[in-house]
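K.L.:
The task is simple: from the sequences and hints, build the whole structure.
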Amino acid sequence: MTLHGHVPPEPDLVQLLTPEGVRVDHPDFPLEITDDEIKSLYRDLALVRRFDGEATALQRQGELGLWASCLGQEAAQVGAGRALRSQDMAFPTYREHGVAWCRDVDPVTLLGMFRGVSLGGWNPNENNFNLYTIVLGAQTLHAVGYAMGVARDGAVGTGEPERDTAVLTFFGDGASSQGDVNEAFIWAAAANLPVVFYCQNNQWAISEPVERQSRVPLFQRASGFGFPGIRIDGNDVLACLAVSRVALDEARSGQGPTLIEAFTYRMGAHTTSDDPTRYRLSEELETWKHRDPIERVRAYLIREAGVAQEFFDGIEAESEELAIRIRQACRALEDPSPLSVFDQVYVEITDELAEQRSDYADYLASFEGAGR
Amino acid sequence: MASTLTMAAALNAALRERLEADDKVLIMGMDVGKLGGVFRITDGLQKDFGEDRVIDAPLGESGIIGSAVGLAIRGYRPVCEIQFDGFVYPAFDQIVSQVAKIHNRSLGQVRMPITIRIPYGGGIGAVEHHSESPEAYFAHTAGLKVVTCSNPADAFSMLRQSIASDDPVVFFEPKRRYWGKGEVDVTGLLADAPQLHRARVVRSGADATLVAYGPMVATALQAAKAATEDGRDLEVIDLRSLSPIDTGTVVSSVQKTGRLVVVHEASVTLGMGAEIAARVQERAFYSLEAPVLRVGGFDTPYPASRVEEEWLPDVDRILDAVDRTFSF
Ligand SMILES: Cc1ncc(C[n+]2csc(CCOP(=O)(O)OP(=O)(O)O)c2C)c(N)n1
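These protein sequences, in sequence, are chains Z and S. Sequential numbering of the first sequence, starting at 0, is according to numbering that gives the first Met the number 0. Sequential numbering of the second sequence, starting at 0, is according to numbering that gives the first Met the number 0.
These aren't lab readings, by the way, just hints derived from the structure by calculation. Just to be clear, a hint being listed does not mean it is correct.
Straight-line distance between alpha carbons at most 16 angstroms, and here's what the computed EDC-like set of lysine to aspartate or glutamate pairs gives [unchecked claim]: (1) S/K33 to Z/E19; (2) Z/K288 to Z/E19; (3) S/K224 to S/D313; (4) S/K46 to S/D92; (5) S/K33 to Z/E161; (6) S/K224 to S/D166.
P.N.:
What follows is the structure, given as structure tokens:
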């Protein structure tokens, strides 16, 4: 047998809820969960989808400059987001609207960035949800550094549930090729840091299929760096929740990093600027529609848990209210004033920047009353 | 034979012509294959030249430029696309420490005929990292040549010349002008094109000189037109090459007009305007009737898009600077 002829076995995919909505057991990841808790996850999924769809619509209406939809990835995000404890920290990319939801970040705040009225604007330490990071992979190193701080603060392995802290960082299949991500793996392994790397493999990096990035399933990369990797059904919110919980628990207890590959699919365009018909087949989308992350939970709730229609009607009504609120609040987001660009460049504004600002204020004032 | 092309189509035609002319030319970048690049500059090229020559790179800028260095050592002529200005930084080390220096370190025995195409500048309502003007970092680096086009004809000839250059060229493309049209002679010979590193007087005038490049050339021309209403006749120079700088063309103009305003989108401090002002006061001090003024982005991060129009230089801010050179 030659080395290059070696074909790794097809990876297992941890799944606890089939696309048809049937609960299945996994020997290593049992999940104790009540039907009420599953209903609550359903609510998250449905509201995130509605919010995301509303944002796409707002972009079409010219209210947003751009939107990066998370359509199809709701389970991957909500499962991970709901596995976090409040003291844990999350480092998102630009697409983790479902995680933001779980961290109680107001969707309207996220819209500000895509509308072009802010460059972020929320306090990462308020909800333990970092600013969105557009530069691919950069945030994985930030997560590592934050985890170094956690470890130095002695907030790992104490056994106190309120104290022990894990860090969860997100990135895409494409971003996994960036040097930063690979350096993050090395640093996390070297110091055995309490960080969970959560790769949403949505099969595409704009037009490039995941095969452009890797010859092995992405989760298998972890073993080369010296920590465990696992692939989960990213469209199964229960699997995402169960495995994220275990990985975060292990991180909190001092067992070190993990790589989770959530195998999912970007159902929409890369962003509202993208046209996926140029590079992928619609059959692929059709296949994935059968694995929809929300439908299977609904099927389970109806068929296995006997949940009545009123529940779903209630969620629908709540979605509608959310959509209306978001629409109105988005339209009401005010443009920044021209002079605000000088704010917060430094903690202490420099004299020269202050002078630039005051010259510009004078310049703007010179138009007043000039019929402009 | 001239045809009317957008700048995007002219760049595409230049790449096509170079791929045909030289089988050592390769294109590498993110989404440059089937998609044809996010701005469609490489549209159709992978289909016609194959996946071996138009390569969808794994997602790493350092990888794209670093591997271009190896290809160049092996005798290839890579043309690399960086998807947006703000994403060049992961490759910054490879560009300034490797691409720029290997010819020098090898005592001239190895060349780095690499072209690095970067769509740059703002005004398109984008999210952060998609509107920046990082040209000065590269112009500051010895060993790199840096150019930028302002119209389709130059886009076509300058990109061909850059690819043919045996020195590495950072080629800045003003993305907000991609869809502007102009006449392009797509059958023109490379040898007949204006020299790559020469500036061009795009409007001659007697009273003051505006120097601009890339996206700001069109704005400077609008300003010059508006200035005629105030009875001012402005000369406009399209710098075209940012390294080396065609100082002679700028100095001759200032010797005629006595006044100079440099315009660019990049933040003013330590930008191209600073270098041009220094050179002009060194070479044409006694011709100057007023200090050289700079109009550019403020010394802040590129702002959120809803306020970018205020941040970017426009006709009014250029005319205000012109006024100031006259009231000095
Ligand atoms: C350093 C860097 N280079 C290029 C880009 C442009 N870009 C934005 S998203 C993207 C694809 C990312 O794919 P992936 O990591 O799989 O995440 P997805 O968008 O599919 O969620 C690219 C190339 C960027 N944001 N940052």
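K.L.:
All the hints need checking, so say for each whether the structure fits it.
P.N.:
Right, here's what the structure says about each hint:
{"no.": "1", "hint": "S/K33 to Z/E19", "result": "violated (35 angstroms)"}
{"no.": "2", "hint": "Z/K288 to Z/E19", "result": "holds (12 angstroms)"}
{"no.": "3", "hint": "S/K224 to S/D313", "result": "holds (13 angstroms)"}
{"no.": "4", "hint": "S/K46 to S/D92", "result": "violated (32 angstroms)"}
{"no.": "5", "hint": "S/K33 to Z/E161", "result": "violated (50 angstroms)"}
{"no.": "6", "hint": "S/K224 to S/D166", "result": "violated (38 angstroms)"}
Violated hints for the displayed structure, listed by number in ascending order: 1, 4, 5, 6.
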